[in-house]
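Student: Chains as they are written, first to last, in our numbering: chain A, 1 to 147; chain B, 1 to 171; chain C, 1 to 112.
Keep in mind the hints are simulated off the structure, nothing from the lab.
Remember, it's a predicted structure, so these values are computed and weren't measured experimentally.
Don't take every hint at face value.
Derived contacts from chain A toward chain C, CB cut-off under 7 angstroms, selection only [what the hints assert, rightly or not]:
#1 Phe38
#2 Phe137
#3 Val139
We treat Cβ as the ideally placed atom computed from N, Cα and C, and that holds for glycine.
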Amino acid sequence: MGGIRLIVKTITRITLGIIFLFGCYLTFAGHLTLGGGFAGGIIVAISYILFVLAYGEAAAAEKISRFWAGVIMCLGLLLFIVIALWGMWDGYFLGNFLPKGDPHDLLSAGTIPWLNLAVMLLTGAGLFLAFLLLIGFEVAPQEERGT
Amino acid sequence: MLELYALLIFMLLGALIAVENHDLLSSVIAVGTVGFGLCIVFLYLGAPDLALTQLVVEILALVILIRSTVALTVPETYKGREFLAYLMTGIFILTLLFFSSRALSSLPSFGAPLMKVSKEYIALGTSRTGAPNLVAAIMFDYRALDSLGAAAVLLVSILGVITILRLKGRK
Amino acid sequence: MIVYLACVLLLSIGIYCVAVKKNLIKMVIGIIIMEYAVNLFLVCLGYRTGGVDPILGANGPAARLMDPLPQAMALIAIILGLATTLLTVALALQIYKKYGTFDITKMRELKG
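Modelling step: build the complete structure from the supplied sequences, incorporating the hints.
Tutor: Here is the structure:
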């Protein structure tokens with residue numbers, strides 16, 4: 001089975017960057033076209049999951065460990081809440097206070113690109129952490145029944 | 001219209017196969033085909049944003065289900081069927097279908113919704129928020145509290161996964 | 001009207017799967033099928049015949065746009081369905097570790 005693993009590793013090495021970049025594109029252009037924070041975050045998580053499935057968990061732990069995935073996940077929700085509370089300054093909770101440029105520009109629509117970025121951090125890191133936990137769970141019912 | 005009916009029949013058949021099959025791997029793959037059929041139905045109903053999200057969520061759910069559970073078990077057969085469970089479920093489903101058909105006939109007909117609130121969103125959405133994507137404008141500006149709730153629920157469910165799958169239990 | 005009844009039929013298939021089957025993973029599959037039925041019903045409510053997707057082009061809104069409000073609600077519902085699936089699969093794995101099986105008729109004893 002050495003040949004099949006080599007094909008998987010080579011293809012993964014070529015396409016990982018493209019998948020990650022596509023996830024970032026869907027996030028940042030979410031207010032102009034399809035996408036948004038949720039879809040982009042899930043695609044970023046899928047790119048990391050592909051890396052774990054092809055190279056093993058030990059190699060993935062050098063890139064991003066469980067601790068840092070948890071930290072990035074919490075930072076995403078914290079950014080969302082900070083933007084929401086900042087809108088209370090001269091508006092209301094979750095008010096759209098940044099300037100809205102011309103439509104179809106990249107930096108338009110007020111707080112919507114920043115909220116997309118926050119949701120992408122939360123979803124991407126969080127789903128990668130959940131996947132690591134689910135496949136790393138050892139089930140060995142024989143020792144449990146003996147006690 | 002005919003494609004919509006064909007896709008709905010395909011989804012119903014896939015759901016029936018997923019429910020009745022004895023092999024767990026086949027059931028999980030049948031649920032996957034129901035999800036992909038739903039994605040194509042979303043495209044047909046004019047919701048491309050939803051089709052994209054449904055596709056990636058379906059792929060992630062399939063990977064998680066197959067990798068976590070199907071490698072563990074052997075297919076088991078269960079002795080005896082409980083007649084009472086089938087009877088009560090059958091009565092409940094017949095009641096549900098009867099009353100829902102009476103309630104659904106008073107909805108506006110398929111293809112002509114009322115759109116009392118959405119008229120404002122379509123007319124003023126782009127100029128007030130500056131985003132041409134109306135679904136993103138509604139989700140992150142008009143109804144941003146719902147997105148905050150969804151993000152919080154996702155975080156709490158991942159915290160629940162961390163707590164339930166604790167590697168070192170209490171002694 | 002027939003489309004709405006197909007959604008309710010899909011929901012009832014999910015209810016049958018959760019109520020009658022004796023395998024934990026079959027129950028998870030039933031919950032997933034119920035979520036698909038509800039999302040389909042939400043999007044079918046906002047369909048306009050002859051409409052285009054609710055994303056504005058370069059020259060303003062087209063003649064008829066689909067209703068964007070049920071689509072935003074269904075998007076949130078899809079994400080919440082993913083959270084539900086994650087948590088129920090984690091619960092099922094922990095139960096398998098304790099009892100050694102997914103069969104619910106063998107889980108009678110209350111273990112500490």
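Student: A separate judgement is required for each hint: does it hold in the structure or not?
Tutor: Against the structure, the hints:
At its closest, the beta carbon of phenylalanine 38 of chain A sits 5 angstroms from a beta carbon of chain C; the interface hint therefore holds under the 7 angstroms criterion. Annotation: phenylalanine 137 of chain A was flagged as interfacial toward chain C, and the flag holds, the nearest CB pair being 6 angstroms apart, inside 7 angstroms. Given the 7 angstroms rule on beta carbons, the hint for valine 139 of chain A holds: about 5 angstroms separates it from the nearest Cβ of chain C.
Checked against the numbered hints above, the structure breaks none of them.
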